[in-house]
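> Going down the list, the protein sequences come from chains L, U and E. The numbering used here puts the first residue of the first sequence at 126, with every later residue one more than the last. The numbering used here puts the first residue of the second sequence at 10, with every later residue one more than the last. The numbering used here puts the first residue of the third sequence at 68, with every later residue one more than the last.
Bear in mind the hints are in silico, worked out from the structure with no lab data behind them. Warning: the hint list may mix true and false statements.
To be verified - In the DSS-like style, the derived pairs of lysine-lysine whose C-alpha atoms are separated by at most 27 Å in a straight line are:
#, chain 1, residue 1, chain 2, residue 2
1, U, Lys-323, U, Lys-342
2, E, Lys-158, U, Lys-217
3, U, Lys-395, E, Lys-158
4, U, Lys-299, U, Lys-323
5, E, Lys-211, U, Lys-395
6, L, Lys-158, E, Lys-158
7, E, Lys-383, L, Lys-312
8, U, Lys-342, U, Lys-299
9, E, Lys-383, L, Lys-158
10, E, Lys-211, E, Lys-274
What the hints assert, rightly or not - One side only, chain U facing chain E, incomplete, derived with CB under 7 Å:
#, residue
11, Phe-40
12, Thr-65
13, Gly-67
14, Tyr-75
15, Pro-83
16, Gln-91
17, Thr-108
18, Glu-119
19, Gly-121
20, Tyr-175
21, Ala-340
Unchecked claim - Covered stretches of chain E, going by a simulated chain L footprint (3 or more residues, C-beta under 8 Å):
#, segment
22, 220 to 233
23, 351 to 360
For every residue, glycine included, the Cβ atom is placed at its ideal position computed from N, Cα and C.
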Amino acid sequence: MQTILSIGADALSYGMVLFIISIGLSVTMGLMKVVNLAHGAFAMIGGYIASYATQQMGLPFGVAIIAAVLGTMLVAVPLERFLYRRIYGAPELTQVLMTIGITFAIIGIANFAMGPTLKTIALPSQLQGPVDLGFRTIAAHKLFAAAVGVVVAIALWFIIERTPFGVRLRASVDDAAMAGALGIRTKIIYAVSFALAVGLAALGGVVGAQLLPIEPYYALHYMVTFLVVVSVGGAGSITGALVAALLLGAVQTTGRYLMPEYGEFFFYLAVIAIVCVFPNGLMGRSK
Amino acid sequence: MSKLLLASLTLALTSSVAFADTIKIGVVGPFSGPAALQGKNFQAGIDAWLAINGNTIGDDTIEIVYRDLPAPDPAQSAALTQELIVSEGVQYLAGYYYTPDAMAAAPILEEGNVPMVVFNAATSAIVNASPYVVRTSFTTWQTSTPMAAVARERGIDKVITVVSDYGPGVDSEAAFVAGFTEAGGEIVESVRMPMNTNDFSPMMQRIKDSGAEAVFAFLPAGPATLGFVQAYVENGLKDAGVTLLAPGDLTQEPDLAALGDNAVGLLTTFHYAVSHDSPENEVFVEAASKAIGSASELSFPAVGAYDGMYVISKMIEATGGNQDAAAAVEAVKGLSWVSPRGPVSINPENRHLTQNIYLREVAQEDGQYINREIQTFENQGDPGWKAP
Amino acid sequence: MSETTLNPSASTPLWRRSVTRDLVAVLILAAVAVALFFLFPSNLALLTRIVAMMLLVLSLDLVTGYSGVATLGHATLFGAGAYAAGIVAAKFGITDPLLMLAVGALAGAAAGAISSLVILRGHGLSQLVLSIAVVSLAHEAANKLSGWTGGSDGLSGISPSALFGMFRFDLFGRTAFIMSVVLLLVVFVVLRIIVRSPFGMLCRGIKQDPVRIRAMGAPVYFTLVKMYAIAGAVAGLGGALSAIATKVVGLDSLSFTLSAEALVMLVLGGTGKLFGALVGTLVFVWFEDRVSAINPFHWLTIVGCLLVAVVLFAPKGLTGAAEAIWKRMRGARS
């Protein structure tokens, strides 16, 4: 029993980390219809900024998170204006080519500017120690990641479903021409949602950095993971991404405990099974 | 006097007539990509050697030609190697970080009349792929085997092995298990983890449940080591007194800063520590740090490259700059010298280094984390090598 | 593609014009190959590697460009061919290069048919993810079966015997290059015929509107599985060629990375055109090789910028851009 609880706690915290780093991509892919393979690159930029802020400048962790989110958005604005705007509505393959190109370029620059070594983000002492759950201890930063995940999920749901911005965003996505005719400035809506998605990527990069350490190839290493979580959940669905992340986290964690040597088999077989049964993802809207 | 002059004159004449003055060395390594740090260390080792010894050997000038091979990719390795031999006209091949890349280059050597000095790739069988392969790094068997003795000396009876599920991990597991069971220990479980594992908590739970007194782990140097060591500490294994034993890949120096306090006290066995205390190493570290730009990025591939350059220089001396792969390899069989890592020699049987393997403990010194050598296993051969 | 825009006023029958065009295309390819052979005699290993990649990208074009299947797992078929050819040579002593090619093609076709059963279950994004899952499973399986595949150390010990018992695979890679070019030309002609055939047209129809094709009563699923098997044979030939020329097969030949690279090359050259696949591969690999030789340390940035530039300035790929320029020039003249 104790083991089951313990594995459950691991699965939950891992799943929440998966969720928080993937949710931004779900926004770009589901709402903006852009296959953004550079998502991991933005998460990585966020991680680098936070690492630099805490290690080199000695800033506190909270400030570093805000700096990472804002700094990454700042990098993303010109990219959106000059590159991404050209591929809204383009065929998927064109988007793949462009965003892989951007990823390559960012990796090269990161390698040049930050060096090839691992970078860590200094955690405040409250997040460093273990926390006693009664049946076991768990690292405080994992609980923190899970909490951030919950907050992000609720906030996003609120923004998209309950604010005027959310209404405009959904309108622009469903029918850009009609939304434009009704006076919605779709370009600005798109730019803002792109910035939002990138900010989420950066946040995920920072909060998830304890499990997915920051190094130049971060952008490519975890690309598949992000893609899988988003599409299993159904692009654009917050609940879907959450359920998918928790489910896949559980499959992977249990697999790693019970039969580590076949861990990846479990994971991908689960992916195939889910996608075959739900071709649009668990919570995806059918087309 | 005149006789001496005449002799040196004829010597100079014949040798300059005997061969052209530039000798090219082709170096294949991961200069970009996930292992770019290791490629950078190849370059640092080479540059350090050139800075200390100059780029001339006799009348010949050495020129290094770099080729990038970012990931294991035998087809590209074969293409690059062929191009280096045929188009660049290199007389020596060197580098090779990954085993399949070295394996793909080996079949070309004999026809190309080119010796290959492996700076890193650590699978025992590589030296069997061609008689023209010489290796100045280590094998995973070589660095893992002494850990069995360490464990027994510390009174450990039950061990669980946990390794990354790929060639070197499997080698490391086999080496430790062989040594440890022979010494009377018991392996309670052997676990192999997929390469892209990033959350090690479930693994730690398994280690806990196995009831072992110590865990023997192998992970390739790089990102995964961070998560592994962190999970080891955060899941309370360190506090519970479960000793973590590993070959030095787990605690390569550039990763230590990221591992931080979590790593302090870890025991690893390896052939080289940047902190090795010897005059040779002092000279090397100073030159290599200058070459790589920052001492904190210096790691074990640099010493493989540095010693490799020494071996190539001996080959060039022995052949007088002529392209004769067989003679060059023959000349360095049995060669022994004092490397920055300690005394080493080339085993004439398998052209691999016999060297000291050190037990090291991660410690903090002057604000830096280092691998402090605390015990020496002298003149270790490669226990994983089998005659073809 | 240009030959699909029929011109009813042309006097020559359609089939004869197609044959003439095929002949011209083959002659152009052969001329380019001969030119490369003499211009770059010391880069033949690289050129052979490019031909092997071309076969993979051609194969990808069949399923993606012609049939509309999105996949990031196409290396599965390439790797199946490479490992099958490598294993029969290293473990069973079948070292005749032509036999190895045949084995590779068969294994590739089998892998294509089997993997299509899974991949065709999805559409769009879910299809991409299924294909990634398939290639990852294949990669894991090859890693696990290290007794057969050599695992991460690579499968070595492949020593192909001389071609026709006469031409050895030498250091300069002449034999391998000539064999690969002949192979490529044969495959190219066969594929031209296939994509023009009613079967090929059906595949294109499925790409444009699967619902309508189904309504017409054509078996959509089965047609695509068949196309996948053909594509598998082509990619398998590429893999076997790589195994013969390199003499080592590594896990990279079954990787997501290789699959993604192949897709990048295809889109770069232009999808839905056989020439696009060839041009994209040649330009990408050659460019990458040159840039990484000039600057082994920071070439990735430049390659990334190239890809972005292509999307901005040649969104239909290099061949698409060339066609547009060609049309504009002709339009200006007439």
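> None of the hints should be skipped; say for each whether it holds.
Hint check results:
no. : hint                    : result
1   : Lys-323(U) - Lys-342(U) : holds (11 Å)
2   : Lys-158(E) - Lys-217(U) : violated (41 Å)
3   : Lys-395(U) - Lys-158(E) : holds (19 Å)
4   : Lys-299(U) - Lys-323(U) : holds (25 Å)
5   : Lys-211(E) - Lys-395(U) : holds (23 Å)
6   : Lys-158(L) - Lys-158(E) : violated (49 Å)
7   : Lys-383(E) - Lys-312(L) : holds (24 Å)
8   : Lys-342(U) - Lys-299(U) : violated (32 Å)
9   : Lys-383(E) - Lys-158(L) : holds (19 Å)
10  : Lys-211(E) - Lys-274(E) : violated (37 Å)
11  : Phe-40                  : holds (4 Å)
12  : Thr-65                  : violated (24 Å)
13  : Gly-67                  : violated (28 Å)
14  : Tyr-75                  : holds (5 Å)
15  : Pro-83                  : holds (4 Å)
16  : Gln-91                  : holds (4 Å)
17  : Thr-108                 : holds (5 Å)
18  : Glu-119                 : violated (9 Å)
19  : Gly-121                 : holds (6 Å)
20  : Tyr-175                 : holds (4 Å)
21  : Ala-340                 : violated (23 Å)
22  : 220 to 233              : violated (count 0)
23  : 351 to 360              : violated (count 0)
In summary, the numbered hints that this structure violates are 2, 6, 8, 10, 12, 13, 18, 21, 22 and 23.
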